[in-house]
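Protein sequence lines, in the order shown, are assigned to chains A, B, C, D and E.
Residue numbers are given in numbering that gives the first Met the number 0: position 24 of the first sequence equals residue 23, and the series is strictly consecutive.
Residue numbers are given in numbering that gives the first Met the number 0: position 211 of the second sequence equals residue 210, and the series is strictly consecutive.
Residue numbers are given in numbering that gives the first Met the number 0: position 71 of the third sequence equals residue 70, and the series is strictly consecutive.
Residue numbers are given in numbering that gives the first Met the number 0: position 17 of the fourth sequence equals residue 16, and the series is strictly consecutive.
Residue numbers are given in numbering that gives the first Met the number 0: position 576 of the fifth sequence equals residue 575, and the series is strictly consecutive.
Hints may contain errors.
[To be verified] Listed next, the stretches of chain D that the computed footprint assigns to chain B, with coverage defined by at least 3 CB atoms under 8 Å from CB atoms of chain B: (1) 135-143; (2) 150-162.
[Said to hold, decoys possible] Straight-line Cα separation of at most 20 Å, SDA-like style, residue types lysine to any residue; simulated pairs: (3) A/98 <-> B/221; (4) C/381 <-> C/294; (5) C/445 <-> C/371; (6) C/445 <-> E/113; (7) C/445 <-> C/364; (8) A/98 <-> E/191; (9) D/84 <-> A/90; (10) E/191 <-> C/417.
[What the hints assert, rightly or not] DEER-style ranges, computed between Cβ atoms: (11) B/473 <-> C/462: 55 to 61 Å; (12) E/376 <-> C/364: 37 to 43 Å; (13) E/203 <-> B/426: 31 to 37 Å; (14) D/162 <-> C/34: 33 to 39 Å; (15) C/69 <-> B/62: 36 to 42 Å; (16) E/620 <-> B/462: 43 to 49 Å; (17) E/203 <-> C/499: 45 to 51 Å; (18) C/474 <-> E/594: 52 to 58 Å; (19) C/34 <-> E/23: 35 to 41 Å; (20) D/2 <-> B/499: 46 to 52 Å.
What the hints contain is simulated information worked out from the structure, not anything from laboratory work.
Beta carbons are placed, not taken as given, at the ideal position from N, Cα and C, and that holds for glycine.
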Amino acid sequence: MVPLSYYLVLSGILFVCGVLGFLIKRNIITIFMSIELMLNGVNLSFVAFAAHWHALSGQVFVFFVMVVAAAEAAVGLAIIIAVYRTRETLNVDQVNLLKL
Amino acid sequence: MLPMTTVTAFSHLLPGLLAQAQTFQPPQLADYMRILPELVLSVFGMLIMVVDPLLDEDSSHQSLGTIALIGTFTALAATFCMAHYPGTAFYNMVRVEGFSVFFHFLVIAIAAVAILSSFEYLKVQRIRAGEYYALILLGTVGMCLMSSAIELVLIFIALEISSISTYVLAGFRRRDASSSEASLKYFLLGSFATAFFLYGVALMFGATGSTNSDAISQVLRSGNVPVLAYVATALMFVGLGFKVSSAPFHVWAPDVYEGAPAPIVGLMSTGPKAAAFAVLLRVMFEANAPGRFWLIWVSAALSMTLGNLGALVQDNVKRLLAYSSIAHAGYLLVAFAAQPELGTSAAMFYTAAYAAMNVGAFAVVSHFANAGEKYVTLDDYAGLGRRSPVLAATFAFFLMSLIGIPITGGFFAKFYVLTAALKSDLVGLAIILVLNSAVGAYYYLRIIVMMYMREPRGEVPVPRVPTAAALAIAVCVLLTFYFGVLPGRVLDYTGQSARQLVTDTAAPPASSAP
Amino acid sequence: MGSVNMESLSPIILSLVTFIPAAGGLLILLIPRRDRDIKLFAFVISILAFVASLHLPVHLHRELGPFGFEIDKVWITSPNIHYHMGIDGISVWLVVLTTFLTPLCVLISWASIHERVKEFFILLLILETALIGVFTSLDLFLFYFFWEATLIPMALLIGMYGHGRRVYAAVKYFLFTIIGSMFMLAAILWLYAKTGSFDFVVIQHAIRSGSVPGFENASLWLFLGFFIAFAVKVPLFPLHTWLPDAHVEAPTAGSVLLAGVLLKMGTYGLLRFDVGLFPEQAHRNAPWIMVLALIGIIYGALVSLVQPNMKKLIAYSSVSHLGFVVLGIFSFTTAGLNGAVFIMLAHGVATGGLFMLCGILYGRRHTYEISEFGGLATPMPKYATFFLVTVLASVGLPLLNGFIGEFLVLSGAFQARPIYGILAATGVIWSAGYLLWMYQRVFFGKVTHEVNNALLDLNLLEKAALYPIAIAALVMGVAPMIWLSAIDPAVQAALAPFTQLASKVVGQ
Amino acid sequence: MLHLILFLFFGAICVAGAVNLLVQSHPINSALSLVVVMASLAAEYLLLGAEFVAAVQVIVYAGAIMVLFLITIMLLNAGKEERTKGSRVATLLGVPGVTIGAVLVAWTLLGRSSTTRSVSIGALWGAPKDIARLLFHDFLLPFEITSVLILIAIMGAVVLASKPEAVARGPRKDA
Amino acid sequence: MTPHPYLWLVPLLPLAGAAINGCFGRRSSKYVISAIALVFCGSAFAMALGLAAGFSSASAPYYCDLAHWIRSGSFQVDFSFYLDQLSLVMLLVVTGVGFLIHIYSVGYMWNDDGYYRFMSYMNLFMFFMLTLVLAKNYLIMFIGWEGVGLASYLLIGFWFTKDSAAAAGKKAFIVNRIGDFGFLIALFLLIKHFGSLDFTQVFAAVRPLSPETTGAGLLTAIGLLLMVGAAGKSAQIPLYVWLPDAMEGPTPVSALIHAATMVTAGVYMVARSSVIFERAPMAMTAVAIIGTLTALFAATIGIAQTDIKKVLAYSTVSQLGYMFMACGVGAFSAGIFHLMTHAFFKGLLFLAAGSVIHGVSGEQDMRKMGGLRAYMPWTFATMGIATLAIAGIPPFAGFWSKDEILWKAYGASPVYWLIGVVTAFITSFYMFRLMYMTFGGEYRGAAAQEAHGHDAHGHDDHGHGHGEPHESPWVMLGPLVILAVLSGVGGFVGYGNRFEHFLAPVFQSVTEVAQETSHEAGGGMIEYLLMGISISVAGLGWLLAYFLYSRRPQLPARIAASLGGLYQAVVHKYYMDELYAVLFIKPVIDGSTTILWHGIDQGVIDATVNNSATAAREVSDTVRHMQSGNLRSYAGWVAAGGAVVIAYMVWMGVR
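Looking at chain A on its own, in the form it has when it is part of the complex (with noise of 0.2 Å):
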């Protein structure tokens, strides 16, 4: 028997990992990796939280989810791509035209 703030804890790293991966990664790809890190991590809370109340909505939650990291994936992908054309460089240290 597991208690059910093994998985809460567990989700936490897990998003708290992303966090971190998003403060000190420079690669772009890689931070956007980071923050499907963090969707993650909340999917195991939600999946962890409906079996905790025993409520299926928690689980149904969690394919919003995903349907949503998917989209971001596709338009975040793009942006990237666009990015890369105009600027050449996938460092997010470098692209910081915009600033003060």
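Take the given structure of chain A and dock chains B, C, D and E to it, following the hints.
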């Protein structure tokens, strides 16, 4: 694309599924009436995409824009229809009430004006019109849903719809590196924030076992609020705070506003923001989120201060207005710290007034920006009062409204917020607001000073104002003026809906579809 | 027949007077850009407003009720905002002063405004409406509305038609005032939040009957909130530094209205709202406010003494003069208040006149530096005469308008606090010093700069603008009863709470 | 016990994958680590009894989305990450902030919440049928609205990824 | 109290003249201008004579209420006029002497470009002076008070292209204002304590009060303050400095305003307020001391002056000191008596001096005159009479009044008398010095004339030729003669205390006091002894002057050289102007510039404003740098903000 969407949209009519779902009551006409504006907008959005390939590049701007405009007007009409069907729909997913009708109306009107002000802009900037208008319309669907959704998941999806469409729209000036950079920043940070929001939703679900705002509010009102709910509120606040660009989650706004196409900035600084505020109102007031007071207090104070201070030294008008919008988000948040009923009413009015003046201001900016948005610095506005008196006068009018000078909507907006704050004994916040508006006056004044008190620079062209843009600006002027002189009716309406919103949730949740 | 017409006019006359100029301003929008037509039209409109405004003092019932010509209509329901206007013996003259000065401003701007003429006169007329509105509003919200509405046209007049550092001056003016008025707004809103009304009379009654919750604790802050807004406008030391800059840079008409009327908004506000709503706080805070006023009187005079720039000199003299007004108001004596109101009017006429005269000179030489002139009485004797009359009025020579107010204020202040009265009375010496010295340097002696020999004396238009000033200065000095008979009852009414206050103190 | 071991096993893989994502400097490696995370998460879902979710996780996430990522990486020919020092805020403010936040949340989740309930292995209850019932009835509207979302995403991707006629190159900060 | 319906006409007639000439004079002929000025001024004089003829002490005082002027609450001031014995005397003096000087001016100013202006100003002055004299309350008096100041300002600065004239006008106005300041405060005290400024009401309220013999009370304060006002107008220490400078104005102005009428207003005011002063012994003493000192002080300066008008100016100051002394010792009627005679002889002196100046083409320096007796005998004769009068040689007018004062002063304190006598000696000396330097010896001006040129004295030579000195026209000599007659016989008015008795109703109780003191002093014997002494000192002064300036004209220079610094000090008027400049004017100007304007206004207030603006911009710049443009930084902000929010919320939840 069209067939697929149609299939999904009407999937419940498929016989196989019907057989399985026969124990369930299918959605009825009233349910559809309650999402009529969304339906209309989606249909017109798809219509544009269908028509787009049939038209050649040159003539498409005008006709597609007209279709989009008709779409928004139809949606406005639909909103009127919708208003006659108060209540929840689709199994407690959305609720039509004064509050949501108000925001529907507002968001659609914003979209309409944004479309109007885009007519010429698209041509000048050589932007493809089909996707542009379609994205605006479909994005509006998301914004509309945000205001009426009472289910966190639906809110999340609606939020994503509006966000993704604006991410894309922000990058539409594709010849310009700054535009795609804006798009990227907006997208990455937006997704980042969305993840926070989503995590908050998950925790709220965990804390209350439901994602319906009514249900949540009931649980939270029953006392003994779990700590998890607090954390959930915090996370949701981070996500929503990002969307409304309140400090310290405002960092994206200046960059994105600077890079994005001007009409889109007008749209996204008001439309999604208004919708996000609607969500925030729902989450904070209707769902009765715990421990929100100081959170909002500090965030409001920070937003006002950082926004105004940041704007002081800006030389790019778009960027300046971006900072200003941060500050205005702060003013708006002051209302959130007030008593629910007063605060909601004041916040609703504020969003409307702010939308009118800010969209108008950006309409002027986008008209004046010229190809490649070359002329957006303060110096380019020198002597505008002499070269283009009418345009300058309207811009000055919007700026005065943003300052909060009487007879403009901005004044009453600020005024109601202050009243609400003072009635709730938020003297400290009121004073911060007052001081900030004084500081804020300075940088708006800089633009006015530039326009009227400096000699014009020769090389900056002043294009003739096309009809569509003129119309857009005129509408904004009239509305700003209307809000500034006769705010009574609007305010009655917002007051009523606010009361409804607050008392409704205090009572047991309304029963689902009639 | 005529009287019947007059009676039927009474309910709308205030709105009429207030909005004639603005309506005229909007009509100017429609006039094609022919400068002469625009100027003529603006002049006709402003004269019309003046004539209409004369109805007010003539028909004001001096005994009946606190306010005359009241009009009270609901404007916005849900914050309870009324279109509530009315005047008493104090405000009626300020309205007339405004309408009196505006046509003169039009005349004086006739020759000096060449560019953006249309905008200029539109702004001027809108400014007039806003100014009148300030004095006629009885709804705090309406008052605030007009108060703020004066801000923009004035700032634009300075910024668009001013001289060298006009932008700095306009921005400084704008920021000083708006920062001040924000505090007032907060105070107004607090009152609204607690009483549910913006109506001056209602709030005043609520406060006096003690039915405002939390008023005891808040009254000081409310008083200060109003006070800051008004003190900036007056301007009271040390918030006065916007004034010299604004004046020096402003176009003549702007200066005239700025000194003539805009500053009075501050003192009027102090009298009507700060003192009217918070008599107890006013009484409690009077000592330091009077000290500030005193500093203003002496300080303004001393700084004025050493100004090398005519307009700046007059601007600082305004600081000094307005100090008298504040001193009079916070003396809470009949004489003090009467005098304060009278100085407001007299200063409007005299200083307005001085600014017009400066503007005329500027139009010929494009400088205000005193050292650029000298011996002007030789080439322009008429001009010198008008200048002298105005200077003497400003100095406070008996039988000219400056004296009456100064005398009353000083005697009032002396009755209240002798030492203040004595110190303030030194202002009498200083004002003679700086103005006469300036007059000597500008007009007397031999012509020191060759160009000045060729200066033209006054033309017909300028004389038309200056005669009313001179005549008004004389009439006000000789027959102040015309004004005082209306002011006095209003002042007595305003002082009523203070006599109660005094008796309460004695009772304790 | 088995449950715990399995949980810990997959959890460890999951965390290891996440950490590896952070550590790896080549995006391909990161992407592959993400696949590992997702796959192990699918296993965790199964442990929680959500069979359909687990399946979809593998198909959609690990299958579809990650492929998209990989394609992009290939397309753009992304190289190794340069360790540029563009932001002090992120490291000095962000990382400690996140750490504190994480600790607080974890502490809340572990200690204070009412989520002490546990799940048992093998109790699969998220059957496709039940989920479908929910999805096409209670969540009908979100489901339908998702189509709009997808439409937007498709459109956006098409617009943004298509090649504009002329691209104005922004100045590059450094090579 | 008898109402008199036409009293107001007296002051208003000259005002009408002033207005007519002021408005239309520019385009009128000089004859019309003269006619208007003289008719309106003369009719005022005629009315005054009529009033005097109809005056009966029984029905006096007369009054005339014209209109309300100011009303504020219960406090009220009306335009109302008042005629009693005192004002009748003043009225006659002012209109009479004024009218004569008007006539004289016609001749003197005829060739000036601003003739109409001059006549208008003169009429204006008459209006204000008559208002001052006929006022029924202090505030109307104050109108006249300030008004004569204005007229004086305008007339001193009449030749405004001359910088010194313009400066002198301003100086006169401002110094007078300092005095007015005291006057005003006195009025405020009156208002505060008596609620009125009306003479009758105030005096009625004051009369029952007992004299404040111990310490300073209300009446003392009022008295002292009134004295400050009077000192300003009547050029007493320390406010006398403006009067000598005022000689920059045309000579008729000096005669009318700065000798005969305006400067005596202070004395009139003190006399008018006798009811108050009488109950404020300390104030009386102060008046006496100031008057005595001024008399002596100014006289000593007069010794060394070489400008003919300056000598007369200091002499005026000195004589005013006498009048003050008289008032100070309670001899108000003596003061008024001297005021009257002084108006005659000092007016005459100035007019004669004007005639001299006129005759020698604008020269005012006595060292360049001499021997004029031959050229202008009428002038010499009349001026001689005036000199005898001022020196106190019997039976000329000055003797009577001066002797009266000295006698009364002796009654109060022998010290006053002693100083008075010394002053009389000095007066006699410098006046005869003036006579000898001007009319005696040889004409010294011819040589200087060529070198000196035309323009040094601007307008004052009004276009006459450069030739020999010559006698003035009859339009100027006429007034001289009339005044000479008055100076000769005017003193007999006071013979046998008739003058005193006439004024007695005004100074009722005071005369009693005075009589008491005269009894204490010991009666007739001493009176004649004192009279003898004063006559003899006057004679001594004459002799000394004769010796020094007629017999041994080289001697004064040697004496002056031997006195060295002292002489220089006297020549430079004891450096009083310089002292005032260093003590007051410079500190005020410099202080205002450096401390107030540059220091506080720009250095503190504006700097605070500007600095806070700069500071705001700097803060703004800092805030701007939050916006580094780096995505990861932004995420850092969001994450950190999020962490804070979470931390707070957890704390809220746990709490």
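Results of checking the hints against the structure:
Proximity of the region 135-143 of chain D to chain B, defined as three or more residues with a beta carbon under 8 Å from a beta carbon of that chain, is established by the 9 residues found. Counting residues of the region 150-162 of chain D whose CB lies closer than 8 Å to any CB of chain B gives 9, so the stated coverage by that chain holds, three being the minimum. At roughly 47 Å between alpha-carbon atoms, residue 98 of chain A and residue 221 of chain B are farther apart than 20 Å, so this suggested pair is violated. Using a Cα cut-off of 20 Å, the hinted pair residue 381 of chain C and residue 294 of chain C is violated, with the two alpha carbons roughly 36 Å apart.
For the proposed pair residue 445 of chain C and residue 371 of chain C, the alpha carbon gap of about 13 Å is at most 20 Å, so the pair holds. For the hint linking residue 445 of chain C to residue 113 of chain E, the alpha-carbon distance of about 16 Å falls within 20 Å, and the restraint holds. With a C-alpha separation of about 17 Å, the suggested pairing of residue 445 of chain C with residue 364 of chain C holds against the 20 Å cut-off. A distance of roughly 70 Å separates the Cα atoms of residue 98 of chain A and residue 191 of chain E; the hinted pair therefore is violated under the 20 Å criterion.
Restraint check for residue 84 of chain D and residue 90 of chain A: satisfied, since their Cα atoms lie roughly 11 Å apart, inside the 20 Å limit. Pair hint residue 191 of chain E plus residue 417 of chain C holds up; C-alpha atoms about 10 Å apart against a cutoff of 20 Å. Residue 473 of chain B and residue 462 of chain C have their C-beta atoms about 46 Å apart, which leaves the hinted 55 to 61 Å range violated. With their beta carbons about 54 Å apart, residue 376 of chain E and residue 364 of chain C fall outside the hinted range of 37 to 43 Å.
A beta carbon spacing of about 59 Å between residue 203 of chain E and residue 426 of chain B contradicts the range 31 to 37 Å that was offered as a hint. Distance hint check for residue 162 of chain D and residue 34 of chain C: the Cβ-Cβ separation is about 57 Å, which falls outside the suggested range of 33 to 39 Å. Range check, residue 69 of chain C to residue 62 of chain B: Cβ separation about 58 Å, and the 36 to 42 Å hint is violated. The beta-carbon spacing between residue 620 of chain E and residue 462 of chain B, approximately 34 Å, falls outside the hinted interval of 43 to 49 Å.
For the pair residue 203 of chain E and residue 499 of chain C, the beta carbons lie near 33 Å from each other, so the given range of 45 to 51 Å is not met. Separation of residue 474 of chain C from residue 594 of chain E is about 41 Å and departs from the stated range, judged on CB atoms against 52 to 58 Å. Between residue 34 of chain C and residue 23 of chain E the CB atoms are about 36 Å apart, so this pair conforms to the stated range of 35 to 41 Å. Judged by the Cβ atoms, the range 46 to 52 Å given for residue 2 of chain D and residue 499 of chain B holds: they are separated by roughly 49 Å.
Comparing the model with each earlier hint shows violations of hints 3, 4, 8, 11, 12, 13, 14, 15, 16, 17 and 18; every other hint is respected.
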